[in-house]
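*Asks:* Below are the chains, spelled out letter by letter.
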Amino acid sequence: MNRRPFDPRLLRRVPAARRDLAVLAALGGLTALLVVAQATALATVLATAIDGRLDTTALAGFVAAVGGRALVTWGQGTAAARAAATVKATLRADLLAAVGRHGPGWVAGQRAGQLATLTGRGLDALDAYFTGYLPQLVLSVTVPAAVLARLVFADWSSALIIVLTIPLIPVFGALLGWQAQAATERQWRRLSMLGGHFLDMVAGLPTLRAFGRARTQTEVVRRMADGHRVATMKTLRIAFLSALVLELVATLSVALVAVPVGIRLLDGGITLATALLVLLLTPEAYLPLRAAGSRFHASMEGLTALDEALTVSAVTTGPAGAAARGPAAGVPAGPAGVGARVGTPSGAGEIVFTDVTVAYERTTALRDVTLTIRPGERIAVVGPSGAGKSTLLGLLLGFVTPTAGRITVAGVDLADVDPDDWRRQIAWVPQRAHLFAATLADNIRLGTPDTPDATLARAVTDAALDDVVTALPDGLGTLLGERGHGLSSGQRQRVALARAFLRDAPLVLLDEPTARLDTASETIVLAATRRLVAGRTALLVAHRPALLADADRVLHVAAGRVTELTPAAEAGR
Amino acid sequence: MNPGPVPAARPERVVLRLARPYLGRLLGAGLLASATELAGLALMATATWLLMSAAGQPPLDRLTVAIVAVRALAVSRGVLRYTERLAGHDAVLRLVTDVRARVFATLAARPTPAGQRTGDALSRLVSDVEAVQDLLLRVLVPGAAAALVGVLAVGGAALISLPSAGVLAVGLLVTGVALPVLATALTRRAADEVAPLRGALATDAVDLTHGAADLAAFGATGQALRTATRRADRLARLERRLAATGFAVDAAGVLVAGLTAAGVVLAALRADVAGVLVGVLAVGTLAAVEITLALVGAARQWTQLRAGLSRVAALLDDPTGAAGPGAADGPAVAGGPGDGGAPGDGGLVAADGPGGVGAAARDVRFDGVVVRYREGAAPALAGFDLDLPAGRRIAVVGPSGAGKSTLAAVLTGAVRPDTGRVTLAGRDVSAYPPEELPRAIGGLFAEAYVFHASVRENLLLGRPDADEAELAAATRAAGLLDWVTDQPDGWDTMVGEEGGQLSGGQRQRLALARALLAAPGVLVLDEPTEGLDPVAADAVLAGVLAATPAGHSVLLISHRLSGLSGMDEVVVLDAGRIIQRGRHADLVTTAGWYRDQWVLQEAAERGYLTLTP
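From first to last, the protein sequence lines are chains A and B. So the first sequence is numbered by full-length UniProt numbering: it starts at 1 and just counts up by one. So the second sequence is numbered by full-length UniProt numbering: it starts at 1 and just counts up by one.
For the record, the hints were derived by calculation from the structure and aren't laboratory data. There could be a bad hint or two in this list.
[Said to hold, decoys possible] In the EDC-like style, the derived pairs of lysine to aspartate or glutamate whose C-alpha atoms are separated by at most 20 Å in a straight line are:
| # | chain 1 | residue 1 | chain 2 | residue 2 |
| --- | --- | --- | --- | --- |
| 1 | A | K234 | B | D90 |
| 2 | A | K234 | A | E185 |
| 3 | A | K234 | B | D134 |
| 4 | A | K234 | A | E301 |
| 5 | A | K234 | B | E130 |
Note that the structure is a prediction, hence the values are computed from the model and not measured.
Chain A with its partners taken away, still in its complex shape:
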């Protein structure tokens, strides 16, 4: 992975940051001029001071140059920080929009946790890149150029030495940088694994405790942390080596320039003012390059996050689904870009699977499924865990796209339908509903925030959620913690049911709605489920048998194959 110091995609993808970046570049040029002015003034002051005199004009010039540099420093920092803020906000919006655009299937594949971290803390690492590295990168171009231009006029032989030695910095920097980068990237995986070990152990502490291993495990934690140290030191030895070589090149070059100039001074071949100017300016020529180099290491994290964010948010999914839905910027709520699509069929239409196969990287979840769901039918889906039952629902929800075959609703291919419009036809009760850090009411009114209170209250009653609501301190207005912290799994399940009631859609998909409930609560939820299913087409994944009694048909899913079981009622007939 070649990591360039500046990612040109940035300008294209975040146009709002262009202005601040331009200001940054312009101020970089100004800084270079001020560096030269400051050194010239100081050299003059010191050259006259050797006779004990004070050159007031030169000193005033020096102070003025310093004042100018202070202002420019302020401007540069501000512009860099502003650019960072803009870029972060834009990338965050892009990343989240990509999540919305590609849908849940993609997110699950992309590891939701990783994305959440990237969007949150990950991008904050860009601050170091923008305010620390980028300004130095600009200066590493402008300052050497200005210094050389000045020295060519003052003392061309010194300028020549600088011209010859300065390229050594980027050359060595690149050579060693490759080494360091390769080592760092190898290390990165290792670090995250060893670092992840600590987190894993802490997260699993209750289990370790249950096996009486919590304390003995301390030694393992120490051993892994020590492995972390050894691995880190290994890469640091290389990473710091590059800094060492660069520093040596720079300081030896200063010595290389200063000593001959001193000797030329001895035979009067050069004026003191010029000699001092050479001495003061020479280090300035190397400084920004080295500073940029040393900060590159620190801003690596930011650059990695940037690269990841730009890549992830630009990804377009292969199969029809989301790819056709316009460029990254769009929030998929608007109807824009859907023009070419076919009208959305009603969820009450006949649903036909024709030779549908879903293959994941490692396994085939469903194989050649052909299936017809007639309007108003209640179909139970049974089968061992991991057999592909949830995939069947995922297909209907548009979270999963068929690898082969097609699904039509009332004759319309689902692949040609806008997924958001189509999902309006569906009420879904997932196996493990995600609850949001919002009020209970908002969690139930998901997607329809304007639901009148009366409707909400009815959904609460239908889902048998009343007793839960009354037990909460603020009733429906109770704020739930992150991921719905504070509710039991049975209660969450009923919240999910309430959502489905509120949805009032012609097609109902239930993924084991009673999986984690005891028989008593199951009875409550079952009654609610029956009310929900009444008069609608329904597909119920069922571990628990109680749901099967009402089913018109029962599908058996095993190892990706779907077979139909004769319903008990008909068999007995």
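Following the hints, complete the assembly by docking chain B onto the known chain A.
*Replies:* Here is chain B on its own, set in the frame of chain A:
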């Protein structure tokens, strides 16, 4: 784990106390850092002296020493910097190893887990530990070096001219003290403003990713996106506003550096210092101020680290945990294995300690146990009595909220009864050392965690010295063996973060197999077949019971009533009390909760069973 406003000990002090074993190394790193900076300063000062002396056209030999010094300083600065950075990192990483082990030991020693930790709090804990590293590397070592160099620079200047040294001292105080203090205040204020928004944004990100399916299914993605995007924009506006004040400090630093140099020159000229030395003073001043300006950055860093440091300090200072064994006090295995190894190779299972509780001591007795979680709330267990003599198998059933899981918690000592007692071999369970009890009473509990390691390592957690045959037996009983042998990597198949590569059923089976492998004398199974379909659940439960050695007791907690006919006794729990007890065969013929539920469940499952071809 919110540690009040100000923890008793200053977090830096706690860190320094931990750093004591490495103080020598840290001091060395600090001295090397000072030497590096001094070499840089001396290089510029000597070079200036060289040039300005040369202007007087003295004989060359008078300059020889200076010429050699310039070259030597040029080389030594780079070498010094290299050694300093390596030494500093080495010392600090050693310390962090200690801190990690210490934090883990503290958490492990806590009597009860402090509630459910969210993933975010956990990863925060990890980065908090890293804050310790940054505190030393980026704040204390460079800060100490800059302070030392500053003092030496003023001392050096005083040898040449006292007034100039005075000016330099003032300049250094401004850049090394006043500006860092200002930067600290500004950074702190900015952080206070930014932190709530960043936190909210992180929650948004979690909701949008982990809740992606729910949002999409209910067409709420757009709304959630708009909220999050608006928040991101608000954060950006705030950050842009704060940037202007933040960088004013840096600008002031540049200005003070220049003004100090000008002041030093003026003072020196007024004091009639020799011209050559005026130059040395001026150039040296610029270099010295530049070095102390690094303190501004250090101060900013320190401010950002404080919150994390306080949390680590509060955790390590916690009297409930810190009293634990001094395991982390000395670097006992500082050498460690060559390069640590990935979690896949040996990161999970520590060697087994001394043997467990004697095999005969398995009689468990609940005696009038009352547990009340909150004052005034209905008790979770209300005077519960039960005898579980060695070898007996008892099932506890009942509606959710009846107190079944509390029963398991009381038995394992995770929850202490308000009144009454639970005894193992006549001795209160709380009297057993926390490491010993699980060997006697263990099993499968609600929050069974699957580690990011191989199947084998997850299993070995149950019994570290188990051989392959024992692994196979336990895995077969849990119904996971076929899957394991089907995997290309077999026992070494990695299960992913929190077992993410497994299905819910497979995770449950793995946790079950691990519990069986541990083979405690009293096996507690809390909903062992959760997430499995009825056919699989019956098979697994039968397998597990068959695999449990005779003589070992079983306490099975279940909401499913199938497969209980083999139990010695079935206890029906409701509202913390036993409402029915007996053998399965008797209970199904007696009117009551058990029979009602059995009929309901049977009807449903029969329907299902006849459907199976």
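*Asks:* State for each hint whether it applies.
*Replies:* Hints, verified against the model:
Distance restraint check for K234 of chain A and D90 of chain B: the Cα-Cα separation of roughly 10 Å lies within the 20 Å cut-off, and the hinted pair is therefore satisfied. For the proposed pair K234 of chain A and E185 of chain A, the alpha carbon gap of about 12 Å is at most 20 Å, so the pair holds. With a CA separation close to 19 Å, the supplied pair K234 of chain A and D134 of chain B stays within the 20 Å bound. For the given pair, K234 of chain A sits about 19 Å from E301 of chain A by alpha-carbon distance, which is consistent with the 20 Å threshold.
Between the alpha carbons of K234 of chain A and E130 of chain B the distance comes to roughly 18 Å, so the proposed pair stays at or under 20 Å and holds.
Every hint, counting from the list given before, is met by this structure.
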